[in-house]
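Visitor: Chain by chain, the residues run as shown.
2 protein chains.
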Amino acid sequence: MAKRQLKYVGHNVARVDGIDKVTGKAKFVGDITVPGMLDGKILRSPYPHARIGSIDTTQAERLPGVVAVLTGADLADLNPIYNGRPVIAMNKVRYAGEPVAAVAAQDVASAEEALSLIAVSYEELPVVTGIDAALKNGAPAIHEDKTGNIGTHERVVRGNIDEGFAQSEEIVEDLFTFPMVYHFAMEPHSVIAHYGDDDEITVWSSAQHPFQVRGDIARIFKVVPAKVRLIIHYLGGGYGSKSYTKFEPLVVALARKARQPVRICNSVGESMVTVRRHGARVRIKTGVKRDGTIMAREATIYLDTGGYDDNGPQVTARSATRVLGPYWIPHIRTDAYQVYTNTGSAGSYRAIGAPQVIFAGESQIEMIAARIGMDAAELRMKNLLRKGQELRPGLKGIDADLAASLRSLVRESGWKKALRKKNPPVGMACAITNAGATPVSVAMIRMQSDGIANIVAGSTEMGQGVRTTLTQIAAEELTLPMEQFRMAGADTKVTPYDSSTGSSRSTTLMGTAVQKAARDLKQQFLAIGAQAMAVQSKQIRVEAGALICGESRLTFKEAFERRFGKGSGGEMIGRGEAGPEITNNALPVFWEVGMGCAEVAVDQETGEVTLKKFISVADVGKAIHPEHCVAQEEGAAMQGIGHTFFEQLIYDQGQLLNSSLVDYRVPTFSDVPGEFHTALIENGDGPGPFGVRGMAEGGILSVAPSVCNAIDRATGVRIKDLPLTPERVWRALKDAK
Amino acid sequence: MAKRQLKYVGHNVARVDGIDKVTGKAKFVGDITVPGMLDGKILRSPYPHARIGSIDTTQAERLPGVVAVLTGADLADLNPIYNGRPVIAMNKVRYAGEPVAAVAAQDVASAEEALSLIAVSYEELPVVTGIDAALKNGAPAIHEDKTGNIGTHERVVRGNIDEGFAQSEEIVEDLFTFPMVYHFAMEPHSVIAHYGDDDEITVWSSAQHPFQVRGDIARIFKVVPAKVRLIIHYLGGGYGSKSYTKFEPLVVALARKARQPVRICNSVGESMVTVRRHGARVRIKTGVKRDGTIMAREATIYLDTGGYDDNGPQVTARSATRVLGPYWIPHIRTDAYQVYTNTGSAGSYRAIGAPQVIFAGESQIEMIAARIGMDAAELRMKNLLRKGQELRPGLKGIDADLAASLRSLVRESGWKKALRKKNPPVGMACAITNAGATPVSVAMIRMQSDGIANIVAGSTEMGQGVRTTLTQIAAEELTLPMEQFRMAGADTKVTPYDSSTGSSRSTTLMGTAVQKAARDLKQQFLAIGAQAMAVQSKQIRVEAGALICGESRLTFKEAFERRFGKGSGGEMIGRGEAGPEITNNALPVFWEVGMGCAEVAVDQETGEVTLKKFISVADVGKAIHPEHCVAQEEGAAMQGIGHTFFEQLIYDQGQLLNSSLVDYRVPTFSDVPGEFHTALIENGDGPGPFGVRGMAEGGILSVAPSVCNAIDRATGVRIKDLPLTPERVWRALKDAK
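Protein chains in written order, with the numbering used here: chain C, 1 to 737; chain D, 1 to 737.
There's no promise every hint is true.
Identical copies go unnamed one by one, so any copy, or any two together, can satisfy a pair.
What the hints assert, rightly or not - Capping the alpha-carbon separation at 30 Å, the derived lysine-lysine pairs in BS3-like fashion look like this: (1) K257 - K21; (2) K396 - K557; (3) K557 - K493; (4) K612 - K417; (5) K422 - K612; (6) K257 - K25; (7) K257 - K737; (8) K222 - K21; (9) K538 - K493; (10) K7 - K136; (11) K421 - K612; (12) K522 - K538.
Keep in mind that the hints were calculated from the coordinates and are not lab data.
Kindly produce the complete structure, drawing on both the sequences and the hints.
Guide: As structure tokens, this is what we get:
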């Protein structure tokens, strides 16, 4: 029998949130007014490392309009530590910008004035800036309970690394560095909190992971999770910067003291010290046979995690695996270290722990290719993991056809033709990541008597289009038009559990849950239809919102009324879950694939590098919304262009020097490559609905190595440090002469 | 095979809300503080019938602390009429106490002061007090569009009434009256409303029917129902006084104008003019054969509905059926009329439209028994409807064994022994009501990873114990301890649709939905267990929260973790609905049965009547919580004692004279009969879970007729008007001499 034509999935339908967004109706935390709401401001430490002597808040508290001043002393009855950091500084500060006190007042001006009236006495401590300083013998201890400023250490081993190098005919060893960068979501972190009667806590936040924030707040404030309600409207971008718990607990503590709702909206500068990507120093050593067979890889990765953990431990752990690239390597030993420094904490950022190490690994692959005189694409093809093969012990085998992606990249980029020229300014990079996406997602579709079907799912809409994608899946399953669906933001009191929105997981995992919920609802309609038509469910065809069997036709609306009576209300509820069984308990749930090819122009006079062309390949399994997939991939590539060419947070003695858009440059439309194209691979081999696998992180990975590979191929100069400022490139070109 | 012993159902378990209530932790609307909340007060018309000239609010608006003043002029953009009444008076007032304006202010004192500054000019109109005045030719029209002050007219017909009387050998015809009475729930009506950004309306109310109020507000304010959120905590009693929409729309309109949340808590006096029971005048004519066979009944019922409809049309319609009693009567014609008068509106009150007419019918049955010299119990037994027999066309046949109830009443009351004495001071009454309970109820049970199972059901806890009952049903089905369940109040944003809490419907209908939700959840556990144990679901026994098959045992907790991973969250959701199929689309969903027997002492000197003994019989099908059933039945009887002996709202020229507990006497513990006993009939023949049928309305029905029957049997004096004040009884005794 012919397969049913897909009507919504695979089509570039209009965004379900599009009109609300372009008309300004979409609400972000900064747009929300909660009755009786105060404005809050945070007093931040001017010192990167200091002991707090005393805090005198009396003057601030006397200021008219001030309702409450919060300090560490107010946390005595709480569990004040989460993700390795305190709700507000207690005894000590570990980065410049760390919250020391907070004020809730009738208006922002009063709150700001009150900050200036808080007297804090500090005893300055020696400052640790940068990985090298942190690791030095006798370096000041940022956390008294950690040895040598090291947090997590992750090691990945397979085979025998010494044997691996012994069997190698060529060995290369290099040191790469990667800057600290900031996500720069359009909307800075914003939180409203209310601590109500009976310890009922309500938080409106720009948080990606409502249920995880709920859990943290419950633990901190010693209440059951059901007492904590996270309400998430739209997010103005996330990219990981709003994953996990940020300063929500501080606002809750302030609201608890003020006994009124309080809103705090970070400035961009404040957000920059709240979370960033880990800077990195990566020493990497790879051994190959002369025929290009990779035999061994050893890596030592240091990640600058800043003053506190945030998600640093996971970032560290991932990097130790992700440095391996998409290759079969028989002998492996990688070590990744989380290093504390006196800077704002680093956490999740699109493809955690990957761009730093893939920059290193994929730069080195082309250095090896050059060394052994082999086409870099062929070298890669020779070593690519095959379907089912294990990247490293303990992880599920590869679930995608990597060679298909590479063949597509070679074809789409015109690689072979380019190589025919002398010193062609092209380079490529291939990467996979073990997606951090983990179960569980649970969803409901609740249909009311007016026919409106509410998709109740905890996925956060932060611009990635998840509401549209989930609606497409539900519409396809239920054969109902997109317009008949609604999907609101997460509200942990209402929305079923979802572990997070991040790690490219929502389409695969929440998509599965929504698909199952839709099928459950459809089954209920089929049961009503079967009874009404006196046939078996399986004899009924579902088409355009109607149950059809022979000459009989019953619309869903009629079936609903048959069930509940006409005009009498009622509600039909479908539910679905995506548990670990969707991949037989194996992790990762899917492998994410990102490959790219760059063509550059290098101005030998000024050191300016222009990205002329960038071709990206993403294996998405099935594109639910092809335009969204391409936009995600190219958006990721643009962020890659940022850290490749100019983005970096510059710290001097623990002070962030470039905390504004004037000083911190992000990619703009003028940075879009002249030729910019994404190819989607759709083999239907992902674990999600319609064969989808997660995407949108992969696109960020290839830019830096493919650009540096292109520069090397064009100029013979290998650059191992980012970003590629004209000065750095100019110096490198000059040194090489 | 032996039936499983019930562990929770049928047992007098502790109330799940008991501790919260006795410790004061349970929140009622008056306990809730919404941030930024203002206090509201209503300016009420001093005139029962008047045209409004002008309203000048300028002085009130200028008063410090006043935020908004609402009048009819603010409703221009709304649909201001619901249930036949305006949100606030427009042009005309129809009862003394009708809202004319409302003020929202920083505190109650300012709001009250502001009321006194509002200048309203009225043009008084002639006042209609009482049914007779309303029906008089040329009576002033209360509603210009209604003829003769009549609203709904309901007629029930079977056979040929003239023929029925022609075939009768004895015919009695009498006129009975019943007073207007007030429910006197401990908590007066209270509402908090907030009209937020984007027309998001939130209402905390002491409303019995959250979804119906949601619907009314949506229509009035021209928004989709999803924009309106009703949050119901506990109710301090309802009895119908909080059914349907009361002044919630007024508070929403005031909050809309104030742009801040507003709370209005009615005083008792204000609640008394907000809703009451219909006073009635019932002319009833019954014809019998001399052997006691009832041949015909004709009735003309006038119900004093006050100034506006509220639920008057339904009350009227029900009374035309309920006047028939529990008997097979071949020839019927009853007419019920809803009559407007210039008094506060009447609406639902426990067993709507029934006590008024059953007082008449069951008084008359004993007058007939006396006339033909037959034992009144035997007369009733002879005519009682048998199972399956139709009371009247269009309704489902009787689903209960009425004779069993009557036999129980005769036995439990010692009827036969009492009759052996001369002039025994005993009387009885038998009643059934076509329960107003209608589908639909929908429920979910949502189990979190901590094992807590949330019963998500829209039934309102107003003291009747519904949360306990539903928890018993869920606990029984899921074999989990009561302590593992939670049930919060309704929140229309969260809770699935439920048509109402009233008409004795929740245990039967919501109980069915919860039972199905529990079974759905159990099936999901069984599926996990079947997979884990590699057996079929049906081979698994569920016991004490574990799945057992042979030597294998998997707790629900283990099954949950097997599904979602350990410590990773997740949520399992069971759902269930009670649609019209639970009684094959036939209405009523069940027949409610109430019978009672009274023994009195009459003080011939003072006219004081003492209720020495009252025996009540309730056919509950199955008592989920026997103590609750008895308490409900006896609570209902106590309210019956109220309207029988002393309760009545006294209006003089449209002014309510006794609007406080000082002047309006309600039953107290000193009114509890010396001997007070309830017998429960449990034949398992109800349509609800475990064979339950609704109860708790029946207990109110028998008191008045059985007491008047007892007085007549003891003294030879028949009283046809209530309440039985000593003066009225004394005059009747004196007139008879």
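Visitor: Evaluate each hint against the coordinates.
Guide: The hints, checked one at a time:
{"no.": "1", "hint": "K257 - K21", "verdict": "between (35 Å within a copy, 27 Å between copies)"}
{"no.": "2", "hint": "K396 - K557", "verdict": "between (45 Å within a copy, 27 Å between copies)"}
{"no.": "3", "hint": "K557 - K493", "verdict": "both (29 Å within a copy, 22 Å between copies)"}
{"no.": "4", "hint": "K612 - K417", "verdict": "within (16 Å within a copy, 109 Å between copies)"}
{"no.": "5", "hint": "K422 - K612", "verdict": "within (17 Å within a copy, 115 Å between copies)"}
{"no.": "6", "hint": "K257 - K25", "verdict": "between (32 Å within a copy, 21 Å between copies)"}
{"no.": "7", "hint": "K257 - K737", "verdict": "neither (65 Å within a copy, 76 Å between copies)"}
{"no.": "8", "hint": "K222 - K21", "verdict": "between (38 Å within a copy, 23 Å between copies)"}
{"no.": "9", "hint": "K538 - K493", "verdict": "neither (37 Å within a copy, 35 Å between copies)"}
{"no.": "10", "hint": "K7 - K136", "verdict": "neither (61 Å within a copy, 68 Å between copies)"}
{"no.": "11", "hint": "K421 - K612", "verdict": "within (16 Å within a copy, 113 Å between copies)"}
{"no.": "12", "hint": "K522 - K538", "verdict": "both (12 Å within a copy, 25 Å between copies)"}
The structure fails hints 7, 9 and 10 (numbered hints given earlier, in ascending order).
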